[in-house]
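**Q** Once you have looked at the hints, place chain R on chain F.
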Amino acid sequence: MERRLFNPREWPVLLVVALAAVIWLALSRSGPGGTRAIVERGGEIVLSRELGGLKATETVEIEGENGVSLRVELSEAGARVSETNCPDRTCQRTGLIARAGESAVCLPGRIVLRLEGPKTGRKLDAETY
Amino acid sequence: MMTDERKARLPLGKRAILLGLVFAMVLAGLIIWQFLGREREYELTAFAMGSYVQQTVWGREPEPEAAAAEAVQGIEELEREISWRRDGGVAHVNSQAGGEPVALSDSVGELLAEMMELCERSSGALDITLGPVMGLWDFANEPRLPEAGELAERMALVGWQEVELTGDSLSLGREGMSLDLGAIGKGAACDMALGEYSRSQVQAAVIAVGGSVGLYGHKHGGGDWQVGVRDPEGSGSLGVLSLPGGFVSTSGSYEKYFEQDGKKYHHILDPRTGYPAESGLVSVTVWCPPGMDVKYPGALSDGLATACFVLGLEDGMELLESYGAEGIFITEGGDITITEGLEGRFTLGEGG
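Protein sequence lines, in the order shown, are assigned to chains F and R.
Residues 49 to 177 (the numbering used here) are what the first sequence spells out, left to right.
Residues 33 to 384 (the numbering used here) are what the second sequence spells out, left to right.
Some hints could be false.
Unchecked claim - Cut-off 30 Å, straight-line C-alpha distance, at most; resulting in silico cross-link-like pairs (DSSO-like, lysine-lysine):
#, chain 1, residue 1, chain 2, residue 2
1, F, K171, R, K251
2, R, K288, F, K171
3, F, K103, F, K171
4, R, K327, R, K251
It is worth saying that the hints were derived from the structure and are not from the lab.
Okay, chain F solo, but in the shape it has when bound:
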């Protein structure tokens, strides 16, 4: 004798369960949509800004250690250190960083500007310089 587990009217319930599972999986696997600029001072995150939604270039002044201060420019295209009073200006010379995983580091001021991307998709694991 043939025995069915479910009535055809019950399939939608199963479908909803399966669909919910798939959506949850998809959401949990992908991170936030776009690239974020992170500024760290002495290891602490002092600024975190989503670059995707920026309409115009945003400028932020950051006070670092040892009297070093610098100006960070954030835009949809990426982030850069546009000005600093630091004598070696390594961070400023790094120029525009645009890809998740890239960073501009000011050692004297212990400030790091870096880009973070979504967990999925292409990004740099590290940078050599």
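**A** Only chain R this time, still in chain F's reference frame:
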């Protein structure tokens, strides 16, 4: 014949149980997959070895966090041992120059032995006794162009051949000589970190100490590690290296320099002249692939990058080949040369 649909079904109670069971199993499976069975990604940043240290470690809790912390601690201990600025082995050696040998730890002794070999094989393009001259240029604080006379005096105190290394006991031939391991410190720190990872249960990890990179295990999610190579012209990455593992270091004249009387002086000194190397290169990136027959492939990649920068394109390529290492050479004119082993692994200006 039982054609009636209603009669074919299980009783209502059993169907409800089955439905609930399916639902519960799906949910339980997801929870297990999501929270228990999955590797965690842990990031830790710190300042050590005079550099910004970035780690990303994958593994099951609590391994990644513990391994990353151990790695930072290991790097700090290594820095104390090998930095002339600190009070460990190398500082002691320098203070005893021209006198009695100083006993070093086994690992530092082995590290120095391998670096001494590189000094020799590079014909002195890397010289770990460049301390007196580096001190004169003072790139870390207030860099200046030295007078020819004082430079000649300091140059007389440079010479890796006068380092006496027996086992883990080391002495410098004359008073005034000093070791400076700045050219290999960041790479050696990567070695230290990978040593910690291999002693732990972590699955994979990437560490960057300044611009030196160590890659451990198989990348989470499969595929090769993606390592950006900094553009000497200063606009983020020039291109991307896809690597299965190993160590990467770069020496570039763009990293640190000063200008005096309209001339640029960068920080990579030619130990044979005492002046910034003029080999026609602006940047050399070296990859020491996994499986090289050395104990400190990270330090080697760092030292090779410096030596190759000083040697120039042709001699540099030859040196890399003799070690089985690979590299990217960028000339002042912007020409890029890669070694055979990196063909298909380096992509210009990808992504963005």
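**Q** Run every hint past the structure and note whether it holds.
**A** To see whether the hints hold, each was checked on the structure:
no.	hint	result
1	K171/F - K251/R	holds, 13 Å
2	K288/R - K171/F	holds, 27 Å
3	K103/F - K171/F	holds, 24 Å
4	K327/R - K251/R	holds, 23 Å
No hint from the list above goes unmet by this structure.
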